[in-house]
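Protein chains in written order, with numbering that gives the first Met the number 0: chain A, 0 to 202; chain B, 0 to 322.
Hints may be right or wrong, so weigh each one.
[To be verified] PhoX-like, lysine-lysine: derived pairs with alpha carbons at most 25 Å apart: (1) A:LYS66 to B:LYS180; (2) B:LYS307 to A:LYS98; (3) B:LYS310 to A:LYS98; (4) B:LYS310 to B:LYS248; (5) B:LYS310 to A:LYS193; (6) A:LYS98 to B:LYS248.
Hints listed in this document are in silico derivations from the structure and should not be mistaken for laboratory results.
Treat the numbers as computed from the prediction; the structure is a model and nothing was measured.
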Amino acid sequence: MAQDAAGTVGARVSPQVDSLIRAAQAGDQDAFEQLVRTYDQSVLRLAINLLRSTEDARDVYQEAFLKVYRNLHAFRFDCSFHTWLYRIVTNICLDQLRKRKVRKEESPTIETQDGPIDRMDTFQEEAAHADPERSLWNRQLKQRIETALEDLTPRERMVFELRHYQGLRLRNIGELLGTTEEAAKNCLFRATQKMRAVLGDFT
Amino acid sequence: MNCDSILRLIPLYYYGELTPDEEERVEEHTHGCPACTREMAQQRALAAALDKRQVVAAPMLLEDCRSDLMAAIQGGAPHVDPSAKRAWRLFLDAMAASLSGAPLSGMLSGIARLRQPLGALALLAIGFFAARLINTAAPSATGALLSSVTSPTDDVYSTVRSVQPDNSGGVAISLDETRRKVVKGRMDNANIQRLLLAAAHEDNPAVRVESVDLLRSQSGSTEVRDALLNVLSADSNAGVRLKALEGLKPLAGDSEVRKTLRRVLLADDNVAVRMLVIDLLVANRDDNMVGMMQGLVQQENNNSVRLKLEKALRDMNASPGRF
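Chain A extracted, bound-state conformation (with noise of 0.2 Å):
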């Protein structure tokens, strides 16, 4: 199960992580640059996955990061770092997802200049397989997949996201959205429940 980039899920900031946000705080970009760089694999992740697009992605980082650029000097450790960002970059990620509920309309494929292709083989996947049956398989389940993932409100899917892909505990999932450990549990269940009933006999 994943862990987050700092290996600080729901713990006080390191003592090299609390020094470079103090240097950062006081003007250093090498600091800031280097607590960046120490934390922005998992916030890209978690908005690809989220998200499903390249551009939204790129999008949520830029703001989140700028977001906290401008705001490190207010952070006064009085919560874990990670899930200060945390809260920035869940609650961007969480109107973008809102606004896609509203608009619905992200399609599964996008136009390209070889004709359309699946948004999900845009991107690199962790294990590919040289067989064609089992390609096809996974290609339909990847299909199903983001069918259950689409019956979600965009809070369960966070929790989701979070709790499975980012390897977070809910007690930090609920405090990061500004909720309750046993209302993330609610929501991991209901999300679980969801895909069951989508995915039925793939699983």
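Please arrange chain B on chain A, whose structure you already have, making use of the hints.
Just chain B, lined up with the frame of chain A:
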């Protein structure tokens, strides 16, 4: 515990989110219950299937994001350049060291004292730039709305432009200095608006978006309208152009605005911008636009924009084709 309550706990069991007591109860129950054992197996299968969906960002994408971010920060957002600071410190140290043996050393030794005349020069420079951007001859009533804050502890960024030795053994060192300054005031203040108009041309797109967004509320002024039109025609960032369009909404009937909107509809490469332009043009229909839109329907590559154009033409009782 019955099956119903166990079913609720299975996803949490899988993710290790139960207390040891609850875990034990789930294990005890599933051990003797084939239905719940199947549920547990399905939970694992679902998780395994979802693991396959995990995508990783291409390394190039991450590098692109990093360089975009650093460019945005360096392009306009205030920051301290550590190399400049180091150079400044080295320069002061060198000056202090070179003067320490001289007869004037008592007067000039110590960095703090050396900073003073240079600081005064910097303030003079600020005075000059502020005079260009802020109307200092404004009456005192304006002064209450507009306050500028320059803390004496603000960082001074300096670069050495040139070093010129002279014949008498001396040297003339020319410095460029920048000081951060905070100007506060109300949106309806003309000087604040002038600063925002200048900020709408900053290199940093984040600063441009924010400035244009704030200017939207003042689109009644001709100067602001022209700035918004200029941003809409020329800004390289679609987000900034969209903000400008939002600001131009109340002026969609203005002939100058419509001229620019028509040009943008023909030339802009961003779908969202073109869609919004159509909305604005249609909100105040005029006969000139029917022919242009009919021509555009034939050329438009994007389905959504084409459909929108066709609908707009139908709404105006015009044919989508040109005869």
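Looking at the structure, which of the earlier hints fail to hold?
Going through the list in order, the structure violates hint 5 alone and respects the others.
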